[in-house]
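The listed protein sequences derive, respectively, from chains A and B. Mind the numbering: the first sequence is residues 836 to 948 in my numbering, read in order. Mind the numbering: the second sequence is residues 76 to 185 in my numbering, read in order.
Listed next, the in silico DSSO-like pairs over lysine-lysine satisfying Cα-Cα at most 27 Å (straight line):
#1 K172(B) with K906(A)
#2 K888(A) with K906(A)
#3 K132(B) with K78(B)
#4 K92(B) with K134(B)
#5 K172(B) with K892(A)
#6 K134(B) with K172(B)
#7 K890(A) with K78(B)
#8 K848(A) with K892(A)
#9 K172(B) with K888(A)
#10 K838(A) with K172(B)
#11 K905(A) with K172(B)
#12 K172(B) with K890(A)
#13 K92(B) with K132(B)
#14 K134(B) with K838(A)
#15 K906(A) with K892(A)
Calculated directly from the structure, the hints in this document are not laboratory data.
Residue strings, one per chain:
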Amino acid sequence: DVKVTQSSRYLVKRTGEKVFLECVQDMDHENMFWYRQDPGLGLRLIYFSYDVKMKEKGDIPEGYSVSREKKERFSLILESASTNQTSMYLCASSFSQGVNEQFFGPGTRLTVL
Amino acid sequence: SQKIEQNSEALNIQEGKTATLTCNYTNYSPAYLQWYRQDPGRGPVFLLLIRENEKEKRKERLKVTFDTTLKQSLFHITASQPADSATYLCALDNDYKLSFGAGTTVTVRA
Chain A
836 DVKVTQSSRY LVKRTGEKVF LECVQDMDHE NMFWYRQDPG LGLRLIYFSY
886 DVKMKEKGDI PEGYSVSREK KERFSLILES ASTNQTSMYL CASSFSQGVN
936 EQFFGPGTRL TVL
Chain B
76 SQKIEQNSEA LNIQEGKTAT LTCNYTNYSP AYLQWYRQDP GRGPVFLLLI
126 RENEKEKRKE RLKVTFDTTL KQSLFHITAS QPADSATYLC ALDNDYKLSF
176 GAGTTVTVRA
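Kindly generate the complete structure, drawing on both the sequences and the hints.
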């Protein structure tokens, strides 16, 4: 079974802190994605990556950056956390060939105080 | 602007009945559409994919239809069970990415 793991289930940070969210997948997937999920808004794509060291902006990249140094690992960085970044963050991965479903991690509930 | 709309209200149904969820979209031309299930506090899990040239797809008690003229997909859960209670998300392919609806929460009463 594909497994996507995220470094923390719950995280509490203060405004202005630098925050790192880590995601690891074990199925050699080329594609990896970071979403945030807020009530009534659904999943919104922050950044995605097609390959190592490749990154593309999603629909809401402002205030975030990403890093993909290894194929299995995709990190989301909040350079200076703000209260409006309080959310559920979900990582996903998929194969690049053809039409493929995305496999999601359990999510990280981030609270910025 | 692009928009994906799912049932705005939560769905409460009696066990054994059929739940029907809608997914309407505007300003997309998806080659395929996917449905996911999400339980509270967990990530979504893939259920079904239907392509633009397919009218209907089935998997066990699940059935999905896709009407590109109406720009709509319907998701049916037949013979529903309390274990089917969850939030269901539709997702459209959007230039190699997926765009998700906000989801419909289904509660099945025993």
